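Trainee: Construct all of the structure, not just a fragment, from the sequences and the given hints.
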Amino acid sequence: MTQKNSAVIGFVSLMFALYTAMVMGHSRASFEKATITIGKKELALEYANTPELRSHGLQHRKVMCDDCGMLFKFEESHIASFWMKDTFLPLDIAFVTADGHIIRIAQMQPFEMKMESSKEPVLYAIEMHQGWFAKNNVKVGDIVDFSQITQ
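In our numbering, the protein residues as written are -13 to 137.
No lab work stands behind these hints: they were computed from the structure.
With a straight-line Cα cutoff of 25 Å, these simulated SDA-like cross-link-like pairs (lysine to any residue) come out:
(1) Lys71 / Gly117
(2) Lys59 / Val49
(3) Lys27 / Ile89
(4) Lys26 / Leu109
(5) Lys121 / Trp69
(6) Lys19 / Gly86
(7) Lys59 / Asp128
(8) Lys125 / Arg40
(9) Lys59 / Ser41
Model, not experiment: these values are computed from the prediction.
Mentor: Written out as structure tokens, the structure reads:
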């Protein structure tokens, strides 16, 4: 093998290692759990309460348990928008006001770049498997209890 070939192989190997480290690090965001109650259903959801965690969300996930999902909490109420970049799972999103009222539920398809907006100011958003809210009879106007969340 020539020196030039060795250099090319070494460079390609280094780039592959860096790419792998970046992808693995990006897909391993560490989420705490937050317990909420919707109706009589108590859920322990992954909790995205920082800009970094919110930007990562459920991206790159290929599996998720039936009652698993993610709770997004913002610093203040605002019109929130979400998209499905790099998201494999079809999801429903519920937009929730600071006082716990669900004001909108939208369906989102994998990899769709269309933005889904709350249309009104919200403090929270909840992402679950597509169909979860309908299956559990959760609808616009229902109340979410966030009292078990400490931060």
